[in-house]
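Student: Protein sequence lines, in the order shown, are assigned to chains A and B. So for the first sequence, our numbering puts the first residue at 1; every next one is plus one. So for the second sequence, our numbering puts the first residue at 1; every next one is plus one.
Treat each hint with caution, since some may be false.
Covered stretches of chain A, going by a simulated chain B footprint (3 or more residues, C-beta under 8 Å) [unchecked claim]:
hint : segment
1    : 7-13
2    : 23-32
3    : 36-42
Simulated from the structure, these hints should not be mistaken for lab results. We put the CB at the ideal spot given by N, CA and C, even for glycine.
What follows is the residue order along each chain.
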Amino acid sequence: VFVLHDVEGRTHDEIAAMLDLAPGTSKAQLHRARRLLREALAS
Amino acid sequence: MTCQELETRLDDFVDGALPEAEAQAVATHLAGCAACREAERQTRRLVAHAAALPRSVAPPRDLWPGVERQIARERGLSRLLSVRQPMLLAAAATVVLALLAALVWEGRPAVGVQAVAIPSPSARVEAVTAHAPGAADPELAAAERDYAVAATALLEVLQQRRDRIAPEDLARVEGNLEVIDRALAEVRAALARDPSSLELNRMLVATHRKKVDVLRRVVRLSTAL
């Protein structure tokens, strides 16, 4: 989800359709991915 | 707005996806909270980095020649194996005939059989030649045979000049040859497991070359003495 949204610039609706998810799930996963990456990059 | 509430809205805020009123509330919280400002800064930086990444990475082209070589090699090998099949059968038949002949001759005195046994200059050389036909690659087998012939010739010369070489030098040379022969056996065993490995093929030839080099040097040295 992080790559699709932040690298490839797709919207949550597009990602949800591609991965057969609810758009809210895509948002939640992006949130989690960004938090983990932020923490990994900060350390 | 609490820090936790901000955390759940931060992504949408950074992506510009928050309704105006909520975005205003987030901005107000950020203005008064250094920790959340830091989280916002890190998120913006991460998103900027990710957006700057290439969307796809083309593999380096120089992988192809290696792949192509390997394919050609394996094709050649399988063609060779299919051609070799009848030859293998013929070889097996020859062995069976030889065994039968030996059984028939067993009753006779063993005079003729003794004459057949060709004395080899060294057990070491026998070990080299004995394995050569088993190599998967005919070129490699030919190279192994050539090296074995060269090594045999050099060993013969060395045997003739044994007395001219100092015993400690001779011991060192023989020690070196043993190490090389062990290495040869190991490479050959590895090659039997992975016959198409170019690296192992190269290693085998290099080891043979080393052996011949050592022998050549010793022979030259003994000639100079």
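Student: Does the structure break any of the earlier hints, and which numbers would those be?
Tutor: none
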